[in-house]
Amino acid sequence: SCACRLSYSAANMSSYFFVIVAPGDKPVYSEDFRFGTSGREESMHMSEFIVHAALDHVDDTVWRTGSMNLRVVDKFNDSFVSAYVTPSNVRLMLMHSARNEDSIRNFFTEVHELYAKALMSPFYSPGEPIKSAVFQQRVQAIAKRHFG
Amino acid sequence: MARNLQRAGELAFAKMEKINSEVLTLTYGSIVAQLVKDYEDVEEVNKQLEMMGYNMGIRLVDEFLAKSHVGSCQSFRDSAEVIAKVGLRMFLGVSATVSQWSQDGNEFSLVMEENPLHEFVDIPEHLRGLYYCNILCGVIRGALEMLNMRVDAQYVRCKLRGDAHSEIRVKLIEILEDQYPEDDE
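Here the protein sequences come in this chain order: A and B. Everything in the first sequence is counted per my numbering, starting at 1 for the first residue and increasing by one. Everything in the second sequence is counted per my numbering, starting at 1 for the first residue and increasing by one.
Because the hints were derived from the structure by calculation, they are not lab data. Treat the hints with care, as some may be off.
As the list claims (entries may be wrong) - Result set (DSSO-like, lysine-lysine): computed pairs, CA atoms no more than 30 Å apart in a straight line: (1) A:26 - A:75; (2) A:117 - A:26; (3) A:131 - B:159; (4) A:117 - B:47; (5) B:47 - B:18; (6) B:47 - A:131; (7) B:171 - B:47; (8) A:117 - A:144; (9) A:117 - B:37; (10) A:144 - A:75; (11) A:117 - B:171; (12) B:159 - B:15; (13) B:37 - A:131; (14) B:171 - A:144.
Let the sequences and hints guide you as you build the complete structure.
Have a look at this one:
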């Protein structure tokens, strides 16, 4: 069977893969969120690939709407990729299997605020990977609040 | 003569011209970030910040005395309270508490619960030894030197390092006496 074949069990419905992509298509942050699942079927590499491939769709969709939240921009088998583009062209990408648009929108909005605050630190330059432990804890808390 | 230093601090702060706090924190943050880039060694950056603060302190003290109307201090204890309640309040917008006096009365701690310079700052792992607000230690040293007190001021706790509050330990090294000419009679 094909190495790319993805299969999702019913128990896998609450898994999310989140990436922050800076201009120039550089990922600066990524995190796997799993709530009450037995584990994901595809590898991290596959998730990264799917999200990266969705970036082209983001570039198309971004011109068709005035809002930052682009909602679902791409689909791959049973996963969806939703996107949110900030005014500085930073893309918040979320790969998910469950379709809960409201939760996703709220998640994106809160992470956007968190990201804007992280930018204010004098020791962080835009485009660099975000290494702050506090940032990671807060992203996890936001995800837990909306998806957990 | 009892004087309400808290009130003096509030009045002095009210008289000062204000700027947007984000401008201050971002400007200070850029200075520290640039020093880190230029010197690359955290200890050297701490030293440079302290020296910058010293140069500020020797100049600020005159403005402080002119605008705050606190009059002269009767003792080192008095000086400590004035710095905490009036000086810091006037220039930084937040006041501190004086605590942990040593037995001989020559050392004390300035404890700050909050500091506007800390806003949004996240110190990365490789800069662990950085005392981000070390400039304040220099300001205290410079200001007190102009008033004939030679002190040593060091950070012992910092909120940005995960401690509950920020604390500067100030030690009096010597009082420099004014030299007066001998009286003829």
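Evaluated hints:
no.: 1; hint: A:26 - A:75; in the structure: holds (21 Å)
no.: 2; hint: A:117 - A:26; in the structure: holds (20 Å)
no.: 3; hint: A:131 - B:159; in the structure: holds (19 Å)
no.: 4; hint: A:117 - B:47; in the structure: holds (28 Å)
no.: 5; hint: B:47 - B:18; in the structure: holds (29 Å)
no.: 6; hint: B:47 - A:131; in the structure: holds (27 Å)
no.: 7; hint: B:171 - B:47; in the structure: holds (17 Å)
no.: 8; hint: A:117 - A:144; in the structure: holds (20 Å)
no.: 9; hint: A:117 - B:37; in the structure: holds (22 Å)
no.: 10; hint: A:144 - A:75; in the structure: holds (24 Å)
no.: 11; hint: A:117 - B:171; in the structure: violated (37 Å)
no.: 12; hint: B:159 - B:15; in the structure: holds (29 Å)
no.: 13; hint: B:37 - A:131; in the structure: holds (18 Å)
no.: 14; hint: B:171 - A:144; in the structure: violated (48 Å)
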